[in-house]
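Chains as they are written, first to last, in our numbering: chain A, 1 to 298; chain B, 1 to 288.
Keep in mind that the hints were calculated from the coordinates and are not lab data.
Watch out, some of these pointers could steer you wrong.
Said to hold, decoys possible - Facing chain B, from chain A, some residues (calculated, C-beta under 10 Å):
| hint | residue |
| --- | --- |
| 1 | S19 |
| 2 | P107 |
| 3 | E110 |
| 4 | A113 |
| 5 | A210 |
| 6 | M233 |
| 7 | I267 |
The C-beta atom is built at its ideal place from N, Cα and C for all residues, glycine as well.
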Amino acid sequence: MTRGATLTEAVITRLIQVSGFSAILFVLLIFAFLLREGSPALVEIPLPSLLGLRWYPIEDHFGILPLLGGSLVVTLGATLVGVPLGITTALYIAEVSPRWLREILKPMVEVLAGLPSVMLGFLGIIVLAPAVRRLLDLPTGLSAFTGALLLGGIAIPTIVSVAEDALDAVPRTYREAAMALGATRWQTIWRVTLPAARSGVLTAVMLGIARVIGETMTVMMVTGNAPVMPTGMGSLFRPARTMTATIAAEMGEVAKGSVHYHALFLIGVTLFLISLVVNLIAAAVVFRGRTRAERVLA
Amino acid sequence: MAAPALSRRRYAVQRAGFAGLLAATLVTVVPIVLIVALILWQGAPAISPEFLTQPPRQGMREGGILPAILGTLWLTLGTGILAVPFGVAAAIYLAEYAPESRWTRTIRVAIISLAGIPSVVYGLFGLGLFVLFLRFGTSILAGSFTLAIMTLPVIISTAEEALRSVPHSFRVVSISLGGTQWQTISRVVLPEALPGILTGVILGLERAAGETAPILFTAAAFFLPRLPTSPLDATMALPYHLFVISTQVPGMPLRLQYGTAAVLLVFVLGMNVLATLVRSRARARRQW
Chain A
1 MTRGATLTEA VITRLIQVSG FSAILFVLLI FAFLLREGSP ALVEIPLPSL
51 LGLRWYPIED HFGILPLLGG SLVVTLGATL VGVPLGITTA LYIAEVSPRW
101 LREILKPMVE VLAGLPSVML GFLGIIVLAP AVRRLLDLPT GLSAFTGALL
151 LGGIAIPTIV SVAEDALDAV PRTYREAAMA LGATRWQTIW RVTLPAARSG
201 VLTAVMLGIA RVIGETMTVM MVTGNAPVMP TGMGSLFRPA RTMTATIAAE
251 MGEVAKGSVH YHALFLIGVT LFLISLVVNL IAAAVVFRGR TRAERVLA
Chain B
1 MAAPALSRRR YAVQRAGFAG LLAATLVTVV PIVLIVALIL WQGAPAISPE
51 FLTQPPRQGM REGGILPAIL GTLWLTLGTG ILAVPFGVAA AIYLAEYAPE
101 SRWTRTIRVA IISLAGIPSV VYGLFGLGLF VLFLRFGTSI LAGSFTLAIM
151 TLPVIISTAE EALRSVPHSF RVVSISLGGT QWQTISRVVL PEALPGILTG
201 VILGLERAAG ETAPILFTAA AFFLPRLPTS PLDATMALPY HLFVISTQVP
251 GMPLRLQYGT AAVLLVFVLG MNVLATLVRS RARARRQW
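Work out the full structure, taking the sequences as your base and the hints as a guide.
What follows is the structure, encoded as structure tokens:
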């Protein structure tokens, strides 16, 4: 081989290496820029105000607890909707449905994953919110509940695809052993397959929740955007305001470098850290499950 | 044979259970069909040549959505140009070069973290880095960079999977014929993995095309009837336009809202179908 070719090869290899490591760089870069713009808020806003119960930037109230509470209520509601539906759908697709039906169902769930969140928000305003208002006899349909219903739907594709992969990865022999012992398919699913796939299913749930916490446009459009501290289950049926919606709704109107601007970036830092923790836990569950499975098989 | 009564009951339970699972699946799937059908049905009457080729008029209450359609095309194109080479290179590194080491695990953790960052946080980051620090301003360029970094984890993970699915023996043969590692990758592995990579790229771009939050403060303009002339111009975009006309403009005709939603839906569904076609054609042709 000529020296020119060796040199080209070395350059390409180096470029590929650099790209490989770029993901680490980007995560650090994102965190650095959020901190750079967000940390001044910690100095500018006194701690009692920051931990106060009012978010009202015009009068210098920057309490982020109502926003945290709003995110919590909506996420909890969405989890109650999305997790049972997501897992049962994954079970049906992976374990019960005939092959031809599976080939139809899977792409349909993928379509849901591809629907822009702004479109679901639009339908939420036009169709779902009025229906919720009529059915539950609420003063307004733009409530945490409406948001939770839609966000549950948004979590479903993530939960289904990750949980289905986990169920698929359970070795065939497990199922055959259970059936050979006289278990029905139904018993096999609940007592053998699902327990064997539980770490993957748990990951699916965590990733679904992470998706919900970060969702922005849908919640901003349908939850009514009232930064009120939630108190009990009744809050689910009143307007709420999440952290994501606050950033999206207010960032366009603040002056760069103002206290309000820094406060919004500080919310961004909080969101970044929350999603980081949830995703890392989800990943850790997978890694732990994998090493345990490798031990068993070895 | 065990007691038949017990056996019958067990199968009755199974039938009921399967019916329950099917019911839950229908609760998940039927709304998806309804959503797509409703938007296409209600949106179709609004779609005319004028709607697709004219800028908005009368405070967006009349006219078309051409600037938003073109804006979304530009942003998607920009995202692709920036994210694809980088993402595929990163995937090649992970699939072909990376040793099993602490660093490689760190890269994987970083990719997982990137995939989990909320889209609006990408928007903040893009505002901080591209719009303000690098002085791109609110522009197609800043929006494309922001969307590209957001799309990277999708492209990396699907491309890596596609590369890994190419049988090891292909590489062994190429190396044994005197090919270098890069020759093996570029002439043997990449062509075989191409359909899989393409599928991932299209799905990643589909997501980028539908996103609103990352472009809110980096690229999107509320109302801009003239078309952007350079990458440093702000632009209208379909998802953001749908947000604007369904929440910010009072008295907006419902017809135009559905029409905009339908155009956006056709755009993302079209990419979805394209990805499915690429995947199934490649699967049918595959000989290993």
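(message) Restraint: A/M233 near chain B, CB-CB cut 10 Å. Satisfied or not?
(response) For A/M233, the interface hint is violated, since the closest Cβ of chain B sits about 23 Å away, which is over 10 Å.
(request) Verify the interface restraint on A/A113: the C-beta must sit less than 10 Å from at least one C-beta of chain B. (result) It holds, given that the least Cβ distance between A/A113 and chain B is near 8 Å, below 10 Å.
(message) Given A/A210 as an interface hint, is its Cβ closer than 10 Å to any Cβ of chain B?
(response) Hint holds; A/A210 Cβ to chain B Cβ min 5 Å, cut 10 Å.
(request) Return the status of the interface hint for A/E110: holds when the least beta-carbon distance to chain B is below 10 Å, violated otherwise. (result) With a closest approach of 7 Å, the A/E110 hint holds.
(message) Can you verify the interface hint for A/I267: is its Cβ closer than 10 Å to any Cβ in chain B?
(response) Check passed: Cβ of A/I267 comes within 9 Å of chain B, closer than 10 Å.
(request) Report holds or violated for the interface hint on A/S19, using the least CB-CB distance to chain B and a cut-off of 10 Å. (result) Holds - the Cβ of A/S19 comes within 10 Å of chain B, reaching about 4 Å at its closest.
(message) Does the closest beta carbon of chain B sit nearer than 10 Å to the beta carbon of A/P107?
(response) Where the cut-off is 10 Å and the nearest Cβ of chain B is about 6 Å from A/P107, the hint holds.
Of the hints listed earlier, the one the structure fails to meet is number 6.
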